[in-house]
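Trainee: Read off the chains here:
There are 4 protein chains.
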Amino acid sequence: MAPRSTKDTAILLIDCPDRKGLVAAIGEFLYRHNANILHADQHQDPERNVFLMRVEWDLAGFDIELADFPTHFGPLAERYGMRWKLERSDRPHRLALFVSKYDHCLADLLYRHQSGELACEIALVVANHPDASRWADFHGVPFHHVPVEATGKDAAEQKQLDLLAANGVDLVILARYMQVLSPRFVAAYPQRIINVHHSFLPAFSGAKPYHRAYERGVKLIGATSHYVTDELDEGPIIEQAVVRVSHRDTLDDLLEKGRDMEKAVLSRAVRWHIDHRILVYGRKTVVFD
Amino acid sequence: MAPRSTKDTAILLIDCPDRKGLVAAIGEFLYRHNANILHADQHQDPERNVFLMRVEWDLAGFDIELADFPTHFGPLAERYGMRWKLERSDRPHRLALFVSKYDHCLADLLYRHQSGELACEIALVVANHPDASRWADFHGVPFHHVPVEATGKDAAEQKQLDLLAANGVDLVILARYMQVLSPRFVAAYPQRIINVHHSFLPAFSGAKPYHRAYERGVKLIGATSHYVTDELDEGPIIEQAVVRVSHRDTLDDLLEKGRDMEKAVLSRAVRWHIDHRILVYGRKTVVFD
Amino acid sequence: MAPRSTKDTAILLIDCPDRKGLVAAIGEFLYRHNANILHADQHQDPERNVFLMRVEWDLAGFDIELADFPTHFGPLAERYGMRWKLERSDRPHRLALFVSKYDHCLADLLYRHQSGELACEIALVVANHPDASRWADFHGVPFHHVPVEATGKDAAEQKQLDLLAANGVDLVILARYMQVLSPRFVAAYPQRIINVHHSFLPAFSGAKPYHRAYERGVKLIGATSHYVTDELDEGPIIEQAVVRVSHRDTLDDLLEKGRDMEKAVLSRAVRWHIDHRILVYGRKTVVFD
Amino acid sequence: MAPRSTKDTAILLIDCPDRKGLVAAIGEFLYRHNANILHADQHQDPERNVFLMRVEWDLAGFDIELADFPTHFGPLAERYGMRWKLERSDRPHRLALFVSKYDHCLADLLYRHQSGELACEIALVVANHPDASRWADFHGVPFHHVPVEATGKDAAEQKQLDLLAANGVDLVILARYMQVLSPRFVAAYPQRIINVHHSFLPAFSGAKPYHRAYERGVKLIGATSHYVTDELDEGPIIEQAVVRVSHRDTLDDLLEKGRDMEKAVLSRAVRWHIDHRILVYGRKTVVFD
Numbered sequence: 001m002a003p004r005s006t007k008d009t010a011i012l013l014i015d016c017p018d019r020k021g022l023v024a025a026i027g028e029f030l031y032r033h034n035a036n037i038l039h040a041d042q043h044q045d046p047e048r049n050v051f052l053m054r055v056e057w058d059l060a061g062f063d064i065e066l067a068d069f070p071t072h073f074g075p076l077a078e079r080y081g082m083r084w085k086l087e088r089s090d091r092p093h094r095l096a097l098f099v100s101k102y103d104h105c106l107a108d109l110l111y112r113h114q115s116g117e118l119a120c121e122i123a124l125v126v127a128n129h130p131d132a133s134r135w136a137d138f139h140g141v142p143f144h145h146v147p148v149e150a151t152g153k154d155a156a157e158q159k160q161l162d163l164l165a166a167n168g169v170d171l172v173i174l175a176r177y178m179q180v181l182s183p184r185f186v187a188a189y190p191q192r193i194i195n196v197h198h199s200f201l202p203a204f205s206g207a208k209p210y211h212r213a214y215e216r217g218v219k220l221i222g223a224t225s226h227y228v229t230d231e232l233d234e235g236p237i238i239e240q241a242v243v244r245v246s247h248r249d250t251l252d253d254l255l256e257k258g259r260d261m262e263k264a265v266l267s268r269a270v271r272w273h274i275d276h277r278i279l280v281y282g283r284k285t286v287v288f289d
Numbered sequence: 001m002a003p004r005s006t007k008d009t010a011i012l013l014i015d016c017p018d019r020k021g022l023v024a025a026i027g028e029f030l031y032r033h034n035a036n037i038l039h040a041d042q043h044q045d046p047e048r049n050v051f052l053m054r055v056e057w058d059l060a061g062f063d064i065e066l067a068d069f070p071t072h073f074g075p076l077a078e079r080y081g082m083r084w085k086l087e088r089s090d091r092p093h094r095l096a097l098f099v100s101k102y103d104h105c106l107a108d109l110l111y112r113h114q115s116g117e118l119a120c121e122i123a124l125v126v127a128n129h130p131d132a133s134r135w136a137d138f139h140g141v142p143f144h145h146v147p148v149e150a151t152g153k154d155a156a157e158q159k160q161l162d163l164l165a166a167n168g169v170d171l172v173i174l175a176r177y178m179q180v181l182s183p184r185f186v187a188a189y190p191q192r193i194i195n196v197h198h199s200f201l202p203a204f205s206g207a208k209p210y211h212r213a214y215e216r217g218v219k220l221i222g223a224t225s226h227y228v229t230d231e232l233d234e235g236p237i238i239e240q241a242v243v244r245v246s247h248r249d250t251l252d253d254l255l256e257k258g259r260d261m262e263k264a265v266l267s268r269a270v271r272w273h274i275d276h277r278i279l280v281y282g283r284k285t286v287v288f289d
Numbered sequence: 001m002a003p004r005s006t007k008d009t010a011i012l013l014i015d016c017p018d019r020k021g022l023v024a025a026i027g028e029f030l031y032r033h034n035a036n037i038l039h040a041d042q043h044q045d046p047e048r049n050v051f052l053m054r055v056e057w058d059l060a061g062f063d064i065e066l067a068d069f070p071t072h073f074g075p076l077a078e079r080y081g082m083r084w085k086l087e088r089s090d091r092p093h094r095l096a097l098f099v100s101k102y103d104h105c106l107a108d109l110l111y112r113h114q115s116g117e118l119a120c121e122i123a124l125v126v127a128n129h130p131d132a133s134r135w136a137d138f139h140g141v142p143f144h145h146v147p148v149e150a151t152g153k154d155a156a157e158q159k160q161l162d163l164l165a166a167n168g169v170d171l172v173i174l175a176r177y178m179q180v181l182s183p184r185f186v187a188a189y190p191q192r193i194i195n196v197h198h199s200f201l202p203a204f205s206g207a208k209p210y211h212r213a214y215e216r217g218v219k220l221i222g223a224t225s226h227y228v229t230d231e232l233d234e235g236p237i238i239e240q241a242v243v244r245v246s247h248r249d250t251l252d253d254l255l256e257k258g259r260d261m262e263k264a265v266l267s268r269a270v271r272w273h274i275d276h277r278i279l280v281y282g283r284k285t286v287v288f289d
Numbered sequence: 001m002a003p004r005s006t007k008d009t010a011i012l013l014i015d016c017p018d019r020k021g022l023v024a025a026i027g028e029f030l031y032r033h034n035a036n037i038l039h040a041d042q043h044q045d046p047e048r049n050v051f052l053m054r055v056e057w058d059l060a061g062f063d064i065e066l067a068d069f070p071t072h073f074g075p076l077a078e079r080y081g082m083r084w085k086l087e088r089s090d091r092p093h094r095l096a097l098f099v100s101k102y103d104h105c106l107a108d109l110l111y112r113h114q115s116g117e118l119a120c121e122i123a124l125v126v127a128n129h130p131d132a133s134r135w136a137d138f139h140g141v142p143f144h145h146v147p148v149e150a151t152g153k154d155a156a157e158q159k160q161l162d163l164l165a166a167n168g169v170d171l172v173i174l175a176r177y178m179q180v181l182s183p184r185f186v187a188a189y190p191q192r193i194i195n196v197h198h199s200f201l202p203a204f205s206g207a208k209p210y211h212r213a214y215e216r217g218v219k220l221i222g223a224t225s226h227y228v229t230d231e232l233d234e235g236p237i238i239e240q241a242v243v244r245v246s247h248r249d250t251l252d253d254l255l256e257k258g259r260d261m262e263k264a265v266l267s268r269a270v271r272w273h274i275d276h277r278i279l280v281y282g283r284k285t286v287v288f289d
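Line order of the protein sequences matches chains S, Y, L and D. Here full-length UniProt numbering is used: the first residue of the first sequence is 1, the next is one more, and so on. Here full-length UniProt numbering is used: the first residue of the second sequence is 1, the next is one more, and so on. Here full-length UniProt numbering is used: the first residue of the third sequence is 1, the next is one more, and so on. Here full-length UniProt numbering is used: the first residue of the fourth sequence is 1, the next is one more, and so on.
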């Protein structure tokens, strides 16, 4: 994985039809404006004729004010039909961590944030159980208990959305949050809600995946992190991992082994998203590592 | 994994309700008859109250003729309600390898057999394409081309069953054999037909799993070896493996990476079966390694 | 992995020359005293003619007071030349966690203890840096700051040994503790000090393993948990893990990836030790899983 | 992994000091000559200020004759101080496979070549034991038995070098070839001799690695493919893999499990080399996947 620069950098993410001259045009644009490129990665999908690129450069010496970047880059983007985004390392993502009762992913993400692995701000923890508050308190992160009752789901979601807006959140992490979000909620944060599902998707989508894995007698169990869409467990997959199990493992052992995988795949997804390494196209992700 | 003895050994496989005194009774029986135990492994499933055991001993000094074993062991087995099987290392399994067009699993199994990894006899290769004959010829294994036409499937299966019977086959390996076996065929070899499916079951059961994995954008692809039952891809799983893929992998890359996994999970399943390490209970397997 | 029983159980660990009748004798002894065996596992090493066994039974109904066990089992043990240990699930290990500046293994072990994964008591945290106190405080574990100066190492060790004795500690975990223990200290806790080394031993033993792995250009980095002996990084290995790295990984990335492995191999070693699953023989361990 | 094009392509490999404008200059050069870029990958090592690039383009439409490429590209290369190589997909590598008694890697490479995984020509098999001839014969590859006696090593190497020259070989694969090559031989094929070592280097370099791994009681064993240099087992590492072992594995089991890893790491190294994906810098490799 490329290092996270300690410098102020800009990251340009591009998605467009593949065409001759793209690399030259982008390279020339950046060179002309005195960009010192630190990392560049690209992917071409010949089947769909798609070109995807991530390029990161040092802002020292770059001769365009980032506020004016659209003006300068716009004509080039238009010529090649690009969808593009400019991200800045000095404007880190602001995250909300949603959690229910299981706190292993929450504790793991908070630890990684504290240790400097995750270059983001954790704006708040939102939970439908009160227990997680001790972790939020320990790490000095505001905690909001928003109970979700069967009859008051809309009201609870509205309260959550208000909290997100009030706190300038731009990335929602479902850290074993056991509620299904409404289409309205999902639509408010397109490709900005990351969930961890405790199975190797598409196997055992839906409820109680470890129980079903145990009953089926699989020899490996898995976990999957993905962007949330309106279809349950069907969003673009970001990361997956598996671990070996045997007849000696009880259902409790599966749950225990699974927790370590859930932490791994969720924390990697968060890291890749906040480092602007993920591009979604179709139902898939490209992760520039 | 326990070593395959070069001595003549007997292997006793037991499956019964768990009860006090089982280990003592079996141990005492073997000791009384002067068995030199080389390996013993057992598993207790407290949920279903099942006791499963595999014990292997050196036949040198054992004071019962194996032909008389049922007479001696029968009363004990009855007392504890055991299902049991006695296997002998000097009576190796006789295998039929079924294959279609893809020959990587066939070539792999034949190589492992030649190199001494697989302590069995390969009685014949049965194929619905003629191409595999070169591998059978190279390894000196009889080859039978049995074309399977849409309209003549019953006749083809009968021909296959006749070949198996004529050759004393007791284990059928579907080494990427692209035909679904009829219930009649399956019933003739219960828990003695091993298939390799080119996905991480239960994900992508059925046709074209790599294509579907590619379209879904999974980050790991898998392969599964399992006993064949009447339900397609639903038999007890013996072994599974996965390999990491990324956006850089084309569909062809998935197929190529998949081949290595298919060889791995199928050859392990064959080895464990012929070494009498697998016990099936419910829909699951116990593999005594 | 076998489930940790919620019942009160006894665990017998045996190590002796392999001989006919061992399994029968042990099984008969337990049956005669009405033991309900929950798990039994054994290993025979034909090369060294060694027999190793772990057997766990439910104490309900067992007709020997555990205080009297040596009297009853002694004659049998003597007949077969057994080294043996009896452990009890109701007398959990008491641990001391030693830590320096890096706190990821400490935080991980404390979390796993709190979540019920580790069936032990954590008696105290001993650190030669003050920073770790926040984690001990959060989890309500006594914290002792014992600075280790170059000139006062003996005094510091004596203070540590006094703390261990005063707190009834029987297992010492070096959770990235950056000091080498003296032979006197090691001798006081034979096979009861577990260390994590941040390389795939025997590669990169000694100082700065990640730096050396980075310079050598390896494609996998590893971590190892082992019992501490007088020879640095040479004690019996309990667990190892590796993770893939590439040219895209900086030295910082190696350290970050390494932390996850260190947590994994150390926490597994701790769990296996406190569940009495590890037998040391020669320079090796047998882990009954 | 990027797909191997069925088109005629050119691959440019570049290694130079990192500098602003490099990407723009190379992109502009290729665009000006109407190259349709299929894949591009690059790596920047900020520590050593090194820029490494691999770019592959479709030759259809490219307006420079490849014979004239140096004339056109030379000035640009000089301006940036590039070391560079141009490879052509229509001029595949010609390989010699060196083998002793163990034939698993040989059989594996020949199979992969036949199945289309390896886009190269296998010019000959050279062996210091006669047994491997059956595999060469089966695949229709010329076989040369060159015995290596303790007293006649120089003569044997001269004979091997003559064979390589006569057959236009540009890549030598040591497929478990059990002889150490002389510095003279190594110097004749710099970064063009690939070896597989049966351990996880740098652990257990030298002789009998599985025996030493077995004695040390490691929990994972490995294999490593690397370029051969004058220092035994010290050349730049291309690929590594490990597999889990336990106390149940005998030394024979280690050898058996090891064979599968040896095949995996060697065949991947061969594939990456012949697809021009490997750049060596310092003691390390960059593998553009």
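Rather than coming from a laboratory, the hints here were simulated on the basis of the structure. Hints are supplied without guarantee of correctness; some may be wrong.
Since the list gives no way to pick out one identical chain from another, each pair is judged satisfied if it fits inside one copy or across any two copies.
Calculated lysine to aspartate or glutamate pairs in the DMTMM-like style (CA-CA distance at most 25 Å, straight line) [said to hold, decoys possible]:
hint : residue 1 : residue 2
1    : Lys-7     : Asp-170
2    : Lys-7     : Asp-253
3    : Lys-101   : Asp-8
4    : Lys-101   : Asp-63
5    : Lys-208   : Glu-47
6    : Lys-257   : Asp-45
7    : Lys-20    : Asp-8
Trainee: List, from low to high, the hint numbers that the structure doesn't satisfy.
Mentor: 3 and 4
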